[in-house]
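The sequence shown begins at 10 in our numbering and counts up by one.
Accuracy of the hints is not assured; some may be wrong.
Claimed, not checked - The calculated PhoX-like cross-link candidates involving lysine-lysine, where the alpha carbons are at most 25 Å apart (straight line), are:
1. Lys172 <-> Lys149
2. Lys206 <-> Lys186
3. Lys185 <-> Lys266
4. Lys287 <-> Lys301
5. Lys172 <-> Lys140
6. Lys206 <-> Lys172
7. Lys199 <-> Lys266
8. Lys93 <-> Lys287
9. Lys266 <-> Lys195
10. Lys185 <-> Lys195
11. Lys140 <-> Lys212
12. Lys212 <-> Lys266
13. Lys206 <-> Lys257
14. Lys70 <-> Lys257
15. Lys83 <-> Lys140
16. Lys301 <-> Lys212
17. Lys173 <-> Lys186
18. Lys266 <-> Lys172
19. Lys185 <-> Lys173
20. Lys172 <-> Lys212
21. Lys206 <-> Lys140
22. Lys185 <-> Lys149
23. Lys290 <-> Lys149
24. Lys185 <-> Lys212
25. Lys195 <-> Lys172
26. Lys70 <-> Lys287
27. Lys70 <-> Lys290
28. Lys93 <-> Lys70
29. Lys172 <-> Lys199
30. Lys195 <-> Lys212
31. Lys70 <-> Lys83
32. Lys301 <-> Lys266
The hints are simulated quantities; they were obtained by calculation from the structure and are not laboratory data.
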Amino acid sequence: MPLLVVGSIALDSVHTPTEAREDVLGGSAVYFSYAASYFTGVKLVGVVGEDWPSEHTAMLKSRNVDTAGLEIVKGGETFRWTGKYQSNMNDRDTLEVHLNVLEDFSPTLPADFTRTPFLFLANGAPSTQIKVLEQMTGPKLVVADTMDLWIEIARDDLEAMLKKVDGLVLNDSEAKKLTEEENLVKAGRKVLEMGPKFVVLKKGEHGAMFFSEHETYVMPAYPTEHVIDPTGAGDSFAGGMMGYLAEKNDFSPATLKEAMAYGTVVASFNVEDFSLEKMKKIERAEVDARFKEYRQMLSF
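Start from the sequences and build out the full structure, keeping to the hints where you can.
The structure is reproduced here in structure tokens:
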């Protein structure tokens with residue numbers, strides 16, 4: 010089944026303890042779309058400026074990503090982010106952020122996009138996420154992402170959005186901030202009380218936790234020896250998870266667990282190079298092979 014994502018598109022400058030890359034392709038919607046494209050067709054909605062390289066659009070189209078919702082602002086500049094990772098490759102410092110065209114982004118969905126059955130609201134202002142939801146016609150599954158900024162400055166909008174979605178993806182520190190609970194189990198269950206039917210707490214190199222009314226479990230990270238660039242790992246995880254759910258046209262408990270495993274596997278490829286470079290070198294067969302290996306690791 011088709012999958013729609015609305016989120017940021019960026020040109021990133023990434024510094025690690027050993028290397029750096031300037032103006033590489035990034036943004037939540039980009040990482041999500043590429044990861045999901047291993048499983049299903051993707052409809053992308055986002056905004057860029059005139060400095061946006063056309064070859065990036067061509068690359069996305071080659072991955073069965075429909076870019077009819079890609080807005081190019083004449084005279085504008087694309088959202089840019091510069092970050093530096095610490096030696097542990099988990100902690101990073103944001104050195105520069107230039108919102109540019111993203112600051113005034115107010116998405117209007119193409120007519121055929123509004124009927125897409127699976128929707129992912131990538132990280133963005135909750136008011137923007139709600140505006141997207143208001144344009145949709147009967148989606149089967151809606152999952153959103155968020156971050157600490159919106160918890161701090163748009164709490165009311167965020168709480169309103171949480172009542173309208175089926176699932177929420179966020180990292181462990183954000184869950185603690187949102188719920189004011191230090192214990193992650195308590196935090197996860199408290200988020201459920203805010204509206205979503207299920208919650209996924211991302212824990213970086215320590216995997217992810219899943220919460221629903223009926224079950225709670227931990228999905229460990231795939232053991233990746235060479236972490237080159239963790240940028241976009243969370244978005245790649247979400248793309249793999251949602252892509253698999255859309256492919257199966259199912260979000261039963263068993264399928265959700267498989268989807269989280271696939272998300273974990275796709276994210277493990279993403280961190281092995283800068284930007285999308287590693288994911289461009291693999292196809293579904295490699296994803297399935299690592300999934301099989303990962304599944305065997307979890308057997309006991």
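Review point. What are the numbers of the hints that this structure violates, sorted from low to high?
Key: 11, 22, 23, 28
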